[in-house]
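A.B. asks: Spelled out, the chains give:
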Amino acid sequence: MGRYVIRRLLQMVPVFIGTTFLIFVMVYALGDPVAAMFGDRAPDPATAAQIRHDLYLDHPLPLQYLHYMGQIFTGNFGKAATGQPVTELMGTAFPVTLRLTIVAFAIEAIAGIGLGLLAGLRRGRFADSGVLAFTLLVVAIPTFVTGYLLQYFVGVKWGLANPAVADGAPFSDLILPGVVLAGVSLAYVARLTRTSVAENSRADYLRTAVAKGLPRRRVVTVHLLRNSLIPVVTFLGTDIGGLMAGAVVTERIFNIHGVGYQLYQGILRQNPPTVVGFVTILVLIFLAANLLVDLLYAVLDPRIRYA
Amino acid sequence: MTVIDETAGALAPAAPAAPLLDVRDLHVEFRTRDGVAKAVNGVNYSVNAGETLAVLGESGSGKSVTAQAIMGILDMPPGRITSGEILFHGKDMLTMSGEERRKIRGRKIAMIFQDALSALNPVLSVGYQLGEMFRVHQGMSRKQAKLKAIELMDRVRIPAAKERVNDYPHQFSGGMRQRIMIAMALALEPDLIIADEPTTALDVTVQAQVMDLLAELQREFTMGLILITHDLGVVADVADKIAVMYAGRIVETAPVHEIYRRPAHPYTKGLLQSIPRLDRKGQELYAIKGLPPNLTRIPSGCAFNPRCPMAQDVCRTDVPVLHQVGPGRGSACHFWKETLGD
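For the protein sequence lines, the chains are A and B, in the order given. All residue numbers for the first sequence refer to the numbering used here, where the first residue is 1 and numbers rise by one. All residue numbers for the second sequence refer to the numbering used here, where the first residue is 1 and numbers rise by one.
To be clear, the hints were calculated from the coordinates, so they are not data collected in a lab. Since the model is a prediction, treat every value here as computed from it, not as a measurement. Here a beta-carbon is modelled for each residue, glycine too, at the ideal position from N, C-alpha and C. Don't take every hint at face value.
As the list claims (entries may be wrong) - Among the chain A residues that face chain B by a calculated CB cut under 10 Å, a handful are: (1) Ile6; (2) Arg8; (3) Gly213; (4) Leu214; (5) Pro215; (6) Val222; (7) Arg226; (8) Asn227; (9) Pro231; (10) Arg252; (11) Asp301; (12) Pro302; (13) Arg303.
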């Protein structure tokens, strides 16, 4: 087990380097950050050269990358377009996005598994078809459409929730954006759960559980659900990273000042430190979530052994 | 169809007046895409306390479906019990509520399945799965239940039970897993155990051990045992009486030794002849010609007639009743006398 974790952590190193290098190249090589600073006016060549030198931009790209990575490991993520250190932006943005992710994740897990279980237990009946149609609809409609529709109807027209999220992102304001953000994943979770439940409910050990005289509730929760959730948990775990990074559209619609918002601003103002810095942290979160899922797998399924 | 005369009770002297389990004229069908499959067509059998009934038949003969109907674990739908009674201690279980039946399952009637690897839950420890019986049915604490689980594992002679109680099914050998299944069935000392091909998935050497264990525990607790099998060898050693099934009906029923000596139904005879024998080494092995019937289109008359070497016109038109052939013996063949005679 310990050796497995170490091996996995070592495997993460090339993945981390690869992803950050790609992002770095894309952001730095495809735009001119110095030109972006000056907006419409052309910069004075001497000043531009000075800035380039200060920002280490007068070196070859691989060297720039190494320099940047070295800086990151000392905690220096550079400055955003506003002049604030990127770490400061992260300090305010990540807690907000984390709160949104928690709300979305809870909605995704509870509603997704619930709907999937319902459909799986009532295969071929009305509830099953209903869930199937619902998930299809949710997957087919883009987030910005559901986002604006829900914001308009639930938030503005019916006044059931705040159409925009207040400063500090209180949980009560995050329910509506949480639903929007969770939508597509929720549909996948429901379908995955349904398939898994349907498959496992025909298993021999389930017949054994019934033959033991266990109450139906126990048969379903202890024996059926426990087995059926193994693939679902995998999906949920990897989706945490996706939810955090995928909140760009949702955060914009509901005016949430989180990671998505900052990333959007960074791209808009062509500010490389913001974009690369935030993405680097997201990559780390993604990798950590993946490792956690793989370790959780062994807890859920004792047949899996790590060597 | 005549009800089997209960003279077989003489084999088990301590048997009470009413049998422990009495299946009467049971009919089960399944709705499939190809039509209605008539899996069980009027089965009658009974088991007394301490008695072993072997139910013999090919795949699809309805032996497992009958067991599932008794156990109340039939998939409904597509399955449907169209008529009949299943009397347990004289009370018809088919008229009981779901909750009443659940309380009988595991506690009064327990079942042992064929393939223990798939029949045990792969993600729960065997200790948990054994202990669950005590926790659910007797309200024991987790801790007490675990102690009882260890006790049970000792009882079915699993070595180092205490150390292995937290192991998972895949960590045991096939024979040990089947012992765990047996332990689970025995947990609450039920009155009746239904063993559905308990040794089919095991090595021959392990088969004998598991069968011996089952027989020994059955004697100890004076339980009734329904042994479902297609293995004639297993039957001879442990059964008191045999019911041979074909296409959802019992075609022959007899005390165990008589059936080997003098079968009274051509199908039973065919089965016995198709056992490989040392003294016929080098000769061609006998096989019953043809295939078991499609249950959606069971032949008219005697279901066995297309495969029967003795079939006459009457076999294609009239369904034979279970004729009384001798004490505790019945044969559903128009020509049982001829079959017995030659």
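A.B. asks: All the hints need checking, so say for each whether the structure fits it.
C.D. replies: Hint by hint, here is what the structure shows:
Look at A:Ile6: its Cβ only gets to about 26 Å from chain B, farther than 10 Å, so that hint breaks. For A:Arg8, the interface hint is violated, the least distance from its beta-carbon to any beta-carbon of chain B being 23 Å, above 10 Å. Taking 10 Å as the C-beta contact cut-off toward chain B, the hint placing A:Gly213 at the interface holds, the least distance being around 3 Å. About 6 Å separates the beta-carbon of A:Leu214 from the nearest beta-carbon of chain B, less than 10 Å, and the hint is met.
Among the interface hints, the one on A:Pro215 holds; its C-beta lies about 7 Å from the nearest C-beta in chain B, closer than the 10 Å criterion. The beta carbon of A:Val222 is positioned within 10 Å of a beta carbon in chain B (closest approach about 8 Å), and the interface hint is therefore held. Evaluation of the A:Arg226 hint against chain B yields a held restraint, the C-beta minimum of about 6 Å falling below 10 Å. With 10 Å as the threshold, the beta carbon of A:Asn227 comes within range of chain B, its nearest partner Cβ sitting at about 6 Å, so the hint holds.
For A:Pro231, the interface hint is violated, the least distance from its beta-carbon to any beta-carbon of chain B being 13 Å, above 10 Å. A hinted interface residue such as A:Arg252 counts as satisfied when its beta carbon comes closer than 10 Å to some beta carbon of chain B; here the least separation is about 42 Å, so the hint is violated. Taking 10 Å as the C-beta contact cut-off toward chain B, the hint placing A:Asp301 at the interface holds, the least distance being around 6 Å. A hinted interface residue such as A:Pro302 counts as satisfied when its beta carbon comes closer than 10 Å to some beta carbon of chain B; here the least separation is about 4 Å, so the hint holds.
Given the 10 Å rule on beta carbons, the hint for A:Arg303 holds: about 5 Å separates it from the nearest Cβ of chain B.
Hints 1, 2, 9, 10 from the earlier list are contradicted by this structure; the remaining hints agree with it.
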